[in-house]
Amino acid sequence: MLASVATFALDGIDSREIAVEVDLRRGLPAFQIVGLPDAAVRESRERVRAALLNSGLDFPLGRLTANLAPAHVRKAGPSFDLTLAVALLAASGQVPTDELGRYAVCGELSLSGSLRGVHGTLAVALGARRCGYERLVVPSANAPEAALVEGLEVIGVETIAELVDLLDGRMEPRPVAPLASSADRPSGDLADVRGQDDAKRALEIAAAGGHNLLMVGPPGAGKTMLARRLPSILPPPSFDEAVEITRIHSVAGIGNGRLASERPFRAPHHTISPPGLVGGGGRPRPGEVTLAHRGVLFLDEMAEFSRAALEGLRQPLESGEVDVMRGQTPARFPAAVMLVGATNECPCGRSRSDCRCTDVEIARYYRRLSGPLLDRIDLICTVNAPSRDDLIDVDAQRAESSAVVRARVVAARERQTDRLAGTTALCNAQMDGPLTRETVPLDADAMSLLRSIDAPGDLSGRAHDRVLRLARTIADLDGRERVGADDVAEALGYKLTLPELAAA
Amino acid sequence: MTRACPDCLTRARLLEGLASRIELLASRPQRPVRQLLNLSNVDLLQATGVPEGDRRALVAAARAAAAADADRPGSDGGVVCLHDDAYPARLRELPDVPWALFHTGPLDRLERLTAEKPVALVGSRQPSAQAEQNAYALGRRLGAAGVTVVSGLAFGIDAASHRGALAAGGGAIAVLASGADRASPVRNRALYNEVRGEGSVVSEMPWGARPWRWMFPARNRIMAALAEMTVVVEATERSGSLITATFALDLGRAVGAMPGPAGARLSEGNNLLIRDGCTPVRNATDVLDAVYSVGAAGQAEADGGRRRIADDPVLCKLLDSVEVGETLEQMARRSGLRARELRGALARLEQIGLIRRSGLRGYVATTTG
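Quick mapping for you: the protein sequence lines, in order, are chains E and C.
Those letters in the first sequence? Residues 101 to 604, per my numbering, in order.
Those letters in the second sequence? Residues 3 to 371, per my numbering, in order.
Isolated chain E, as found in the complex (with noise of 0.2 Å):
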């Protein structure tokens, strides 16, 4: 006899259709995987086993051949347990087999036969729906995450003895509630930092514009706390935005089984390899950058991460995506994100008055900052330890909450949207040089203030674009449509050139 299931492996943070065939027939008892199986795939021959027979099913007696196909592909992952029992099931006329086409499985089985959930549902309900299929039986625990899918039915089951009930009609499938989205907002909120107004400044002119940011600050000061809550004043992700978090998020196992409600907060450490940064491995899997898609990438001590794992950045924050090739495998994966990057003034960290750095290792340190990155980075922002009397002054009035910044931030991101309609960019940051000067109507003041400065070795064109860009973000902050010379002012005095880093 011979049956075959379908179900879907990952492959990146995308999902690919499998095919798995058992072809059962008389002769001495063996079972075997064919197609490319990983350790994880052959070890399911005994969790299938004594999944079955736990739960009062037979495994037959026979010659047992299961092919995992397209057969060039590496199958990695106990998620092919629960297709292979049902395959298995069929070929032994257990279950029915007229209705297996219209289905896709996937689960990890435990030896007793009930099912454990698995990573990247989602990936794995959007496969099913494009490939067709009109239902998708996954783990009860994975259920409503790939219930987020509509135009599939999802099928949550919780043993396997559950699913061969429902394959033989005697139990109809409970409903499922799609996920519902987190309510927690672990990001924290802006009010609960003191002082801090310029960094605080920044930060709402870069969420507004979605321009990457540079923060200058001794150890201690705060820049990981005002990082971490950039989330909370940018937009909240509509829900395709959500739905693509909360895909990533589940393909690399670090999803909280809800719906994502804010943008993702990445900070890896420092000593981060390369790959890890931007993805791949033996099977590419998805780096920071793109675990942070559609939200905020944070590189404390930017200048310690190795050049390497920098130079990696350049291609994700220019296109919003990442291509990794690992062997014979390419991969492409989203790598949206806004970049935040922390330093401090000099390597050793200390206040001005009590640095000992010499001029060259400034330099050095100047240089390794320089290069891939800061050219991407619009605005720099100064974050000094608090003083005693923000601290002490407990009833200085109360900063804005997060939900008053998220207001404006939103404000401006709507009229950014209006102005941006039909051509690629979607926010102030990802405007080219041309349409930059088309969209950024300069007064008469603003254009003298930045004739001013406009001169050999002051300003490069590359700076210019970039100064108009973050005037305009002011501009909409404040709802006005004209850019106006306190804008052009304002983003000067933000502004982040590199020869002024190269000379220091």
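In short, the hints are calculated from the structure, not lab data.
Everything numeric in this text was worked out from a predicted model, so none of it was measured.
One or more hints might be untrue.
Stated by the list, open to error - Using C-beta positions, here's what the derived DEER-type ranges look like:
| # | chain 1 | residue 1 | chain 2 | residue 2 | range |
| --- | --- | --- | --- | --- | --- |
| 1 | C | V316 | E | P430 | 54 to 62 Å |
| 2 | C | R127 | E | E538 | 49 to 57 Å |
| 3 | C | E95 | E | A463 | 45 to 53 Å |
| 4 | E | P273 | C | R340 | 39 to 47 Å |
| 5 | E | R450 | C | R336 | 22 to 30 Å |
Glycine residues also receive a C-beta, built at the ideal position from the N, C-alpha and C atoms.
We have chain E; now place chain C onto it with these hints.
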């Protein structure tokens, strides 16, 4: 109406009328322009070989044109002659002093610009990128320090110097070979208009006069004479800038030169000057030290800049904050600015040239520390 006397105006028109003849004579090495300019009207007519019979008519034509010049409405400029108290005192030191000086803008502006000690920045029309930057920086810092920058509106160093001075909101004087109402070279018209609007364009030649080759060294003597110090930013060995430097030395004025790379053809002129003992100039501080006295640079710059923001108490407080190295929070508290205004205010101070960025370490005042 202008204040210049008819004789001086006639002299200017006469020079214009004789321009082609002077051109011919000046091309011979034994008759340098300045020797000709030193002659009286009668001798000049003689020297340029105007036939006896034509002289009267030439002078009459010059007189008529001068009368028209005198009646010219003085709204956008005027003429000041050497018999006037407002005539720039430094120019009088020239042996071949220009009788009349045509200028754009009001006369009191020209007086103000020439009252303190102006500095002439001169150099090649096709400088290296570095030299052009140096000229710009020099012009800007001098402008910020309240020093008038004198130059010739030519391409290259001249233009960069003017731009720097204007960027800092400082005083700028452009000395032209042609009439002061003619933007020359024409491609620098935008810059010409800026200098005309903010500073002053001057010339020895009457309105509308076209430039002849001999007028350039003639112009150079005016630049050298107007300035307390002449700085050659970059010049080849055969550059007109060296002529200006020589004129300045003849007047006993200070001459400085920025050092250029040894062996660089573009810098042979300025390096030669250094070898001959001119003041080496690395930056505006060196110029200010030479013009005023050692150590005065900081004060002059600070005063110049301070004067410019004197009517803005907030910027003054902010500058105080930067000078003592306060953090942004402290600055905000002292100046009463909100975060969103603070960066803009700092950018304006930076633009004036009073503060600058120091790597990642925020701002430092340019005149202290």
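Regarding P273 of chain E and R340 of chain C, is the given constraint of 39 to 47 Å on their beta-carbon distance met? violated (59 Å)
Does the hinted range 54 to 62 Å hold for V316 of chain C and P430 of chain E at CB? The hinted range 54 to 62 Å holds for V316 of chain C and P430 of chain E, with Cβ atoms some 57 Å apart.
Just tell me: holds or violated, for the beta carbon distance of R127 of chain C and E538 of chain E against 49 to 57 Å? Cβ of R127 of chain C to Cβ of E538 of chain E: about 35 Å, so the range 49 to 57 Å is violated.
Range hint 22 to 30 Å (beta carbons of R450 of chain E and R336 of chain C) holds or violated: Since the Cβ atoms of R450 of chain E and R336 of chain C sit about 24 Å apart, the hinted range of 22 to 30 Å holds.
Supplied distance hint 45 to 53 Å, evaluated on CB atoms of E95 of chain C and A463 of chain E: Holds - the Cβ-Cβ distance for E95 of chain C and A463 of chain E, about 48 Å, lies within 45 to 53 Å.
Of the numbered hints given earlier, the model fails hints 2 and 4; all others are met.
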